[in-house]
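Dock chain B against chain A, hints included.
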Amino acid sequence: MYCITTKNLSYRFNGQDTVLSDIELAVPKGAIYGFLGPNGAGKTTTLRLLLGLLKKQTGSIQFFEQDFEGNRLSILRKTGSLIEAPSIYAHLSASENLALLQKIYRCDKNRIDEVLKLVGLEHTGKKSAGKFSLGMKQRLSIAIALMHEPELLILDEPTNGLDPNGIIEIRELLKKLNQEQGLTILISSHLLAEIEKMVTHVGIINKGKLIFQGTMQSLHEAQQQQSVIYFETNNLPATKNILQAAGLHAVEYEKGLSIQLAEPAKVALANTQLVEQGIAVYQISVIKNDLESIFMDLIK
Amino acid sequence: MQLINSIQSEWLKTRKSAGSWLSLVGGLFIPIIFLIGFIYNHKTLSTYGEATNLWTAHFFQVWQSMVVFLLPMGLILATSLITQMEFRNNTWKQLHTTPQKYSTIFTAKFIVIIGLTLQFFIYFNIAFILSGIVPSLIFDKQLPNSTFPFKDLLMNNGKILITCLPVLAFQFLISLRFKNFLVPIGVGLMFLVTTLILIGSWEHAYLSPFSYSPLTIMGSPEMMSRVNIYFWSLGYFVVFTLISYVMYINRSEKG
Numbered sequence: 001m002y003c004i005t006t007k008n009l010s011y012r013f014n015g016q017d018t019v020l021s022d023i024e025l026a027v028p029k030g031a032i033y034g035f036l037g038p039n040g041a042g043k044t045t046t047l048r049l050l051l052g053l054l055k056k057q058t059g060s061i062q063f064f065e066q067d068f069e070g071n072r073l074s075i076l077r078k079t080g081s082l083i084e085a086p087s088i089y090a091h092l093s094a095s096e097n098l099a100l101l102q103k104i105y106r107c108d109k110n111r112i113d114e115v116l117k118l119v120g121l122e123h124t125g126k127k128s129a130g131k132f133s134l135g136m137k138q139r140l141s142i143a144i145a146l147m148h149e150p151e152l153l154i155l156d157e158p159t160n161g162l163d164p165n166g167i168i169e170i171r172e173l174l175k176k177l178n179q180e181q182g183l184t185i186l187i188s189s190h191l192l193a194e195i196e197k198m199v200t201h202v203g204i205i206n207k208g209k210l211i212f213q214g215t216m217q218s219l220h221e222a223q224q225q226q227s228v229i230y231f232e233t234n235n236l237p238a239t240k241n242i243l244q245a246a247g248l249h250a251v252e253y254e255k256g257l258s259i260q261l262a263e264p265a266k267v268a269l270a271n272t273q274l275v276e277q278g279i280a281v282y283q284i285s286v287i288k289n290d291l292e293s294i295f296m297d298l299i300k
Numbered sequence: 001m002q003l004i005n006s007i008q009s010e011w012l013k014t015r016k017s018a019g020s021w022l023s024l025v026g027g028l029f030i031p032i033i034f035l036i037g038f039i040y041n042h043k044t045l046s047t048y049g050e051a052t053n054l055w056t057a058h059f060f061q062v063w064q065s066m067v068v069f070l071l072p073m074g075l076i077l078a079t080s081l082i083t084q085m086e087f088r089n090n091t092w093k094q095l096h097t098t099p100q101k102y103s104t105i106f107t108a109k110f111i112v113i114i115g116l117t118l119q120f121f122i123y124f125n126i127a128f129i130l131s132g133i134v135p136s137l138i139f140d141k142q143l144p145n146s147t148f149p150f151k152d153l154l155m156n157n158g159k160i161l162i163t164c165l166p167v168l169a170f171q172f173l174i175s176l177r178f179k180n181f182l183v184p185i186g187v188g189l190m191f192l193v194t195t196l197i198l199i200g201s202w203e204h205a206y207l208s209p210f211s212y213s214p215l216t217i218m219g220s221p222e223m224m225s226r227v228n229i230y231f232w233s234l235g236y237f238v239v240f241t242l243i244s245y246v247m248y249i250n251r252s253e254k255g
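Residue numbers (the working numbering), protein chains in the order written: chain A, 1 to 300; chain B, 1 to 255.
Here chain A stands alone, though its shape is the one from the complex:
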């Protein structure tokens, strides 16, 4: 079952080029779905469209297998969100900010203290939220999104502006909510490294197009396929001949040669042959083997 699916979702701002083109998101229930893309790729526009903050132009949006149009209220009752910068009333305290929502959602008053504790803001007392640090504001925004115990959480770059410790805290909190309460989380970021340890699924958007979507496992497989082994020796022509004789297609790369990732035994054999032919091997290394490189390749 999917918590969110979109079909042919496209959008353009007045008189401008298309910002989103045929986005087909599929966020499975129980997943932590990382929605990745560089700044300006269309992540926030997609999330604003999903939540009805922008008027849909073409395509369809479904939440919990129901059309968003016509079921907006029942869907929003099960969805918590944080879009871009913190959205809080600066003249009110943390608990007053939550009390506003407690009235709307008609949830138990004790829930205010519960969520404040959950995000570590239980000791802020009467201090107005405008005096909070950015990290505290961000955590209050997450508390707001969690106030009504949603089934789905949509977070747009929730760790923006946080220090490394704050990022780890938020990551741990989201993992805990996902594992303990089964909350489905759609989280956007422009940094793969920031969320790769947390997400189960990933969608990569660039220039308004969804260029990859799948599990983290499938991204890792793509990573394996795209990895390259780099050879640097004192005699490149001879090295190339030896590698090709061993069935490895070598091409020039920077100061040496590169081959597509091969079985370790073949690489070891090629190395032995190079040494036996009196070639000095300076370096054999795996390059482009991190997810960030794959991500960068995809968004080029």
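If you're looking for bench data, these hints aren't it; they were derived computationally from the structure. All C-beta atoms in this analysis are idealised placements derived from N, C-alpha and C, irrespective of residue type, glycine included.
Only pairs whose alpha carbons sit at most 20 Å apart, straight line, appear in this in silico EDC-like list of lysine to aspartate or glutamate: (1) A:Lys175 <-> A:Glu149; (2) A:Lys197 <-> A:Glu180; (3) A:Lys56 <-> B:Glu253; (4) A:Lys131 <-> A:Glu96; (5) A:Lys56 <-> A:Asp67; (6) A:Lys207 <-> A:Glu24; (7) B:Lys254 <-> A:Glu69; (8) A:Lys55 <-> A:Asp17; (9) B:Lys16 <-> A:Glu96; (10) A:Lys55 <-> A:Glu69; (11) B:Lys101 <-> A:Asp67; (12) A:Lys78 <-> A:Asp108; (13) A:Lys131 <-> A:Asp163; (14) A:Lys209 <-> A:Glu24; (15) B:Lys179 <-> A:Glu84; (16) A:Lys197 <-> A:Glu172; (17) A:Lys56 <-> A:Asp22; (18) A:Lys127 <-> A:Asp113; (19) A:Lys240 <-> A:Glu263; (20) A:Lys175 <-> A:Glu196; (21) B:Lys101 <-> A:Glu69; (22) B:Lys254 <-> A:Glu84; (23) A:Lys103 <-> A:Glu114; (24) A:Lys55 <-> B:Glu253.
Here are a few chain B residues that face chain A, going by a calculated C-beta distance under 8 Å: (25) Asn5; (26) Lys13; (27) Asn89; (28) Thr91; (29) Lys93; (30) Ser252.
Coordinates of chain B only, in the frame set by chain A:
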């Protein structure tokens, strides 16, 4: 039921807000100035001498100082401050992702702004009554020697409140439309000042939605007999409210 919850939520937002303080200070300001004046000059309501009812005379004296400029100015500021709270705090997107109908959000916001205006009237009347009672208690050791015209004062309060409605609705409209706080304040002030100039020189000044509170004091008997300013006030109020509603509902970007 949802509307009541939304109104409660909107009302909570006004706590400690500039708009709420303005309603308090604005309501108390002029009556307290009168109170200080009475005490300083050792006077009481009897200073109005031959007036049929001392309280009524005092009421019009105090209101006179309010309705021409301070009241419309206060309405412009308070309505803009409260409505613009969502822009200022970047909270439209949060509000629009709560499970509330857009019509409920709109209605709750507008009711709260009218509620704040009522609160201003309540503060004003409490301070007004105190400004009459306290000097009499201090200097005459008794309550003012005049029946309190409860019904008349309630009627007059109601009439002045009606004249406030077009300003409220207009400022609400402009404040919902423009993100920049200076726009509603600037437009409101410009209209108010222009209206005040026109009232003295143009027989059709009543066409301005900002004219009705000042006209209660400044309107010539001829104009006041010819024009029902309360009818015009309610008409503008309905028109501006409908325009704001249509604009709000059809906004393509809701946060």
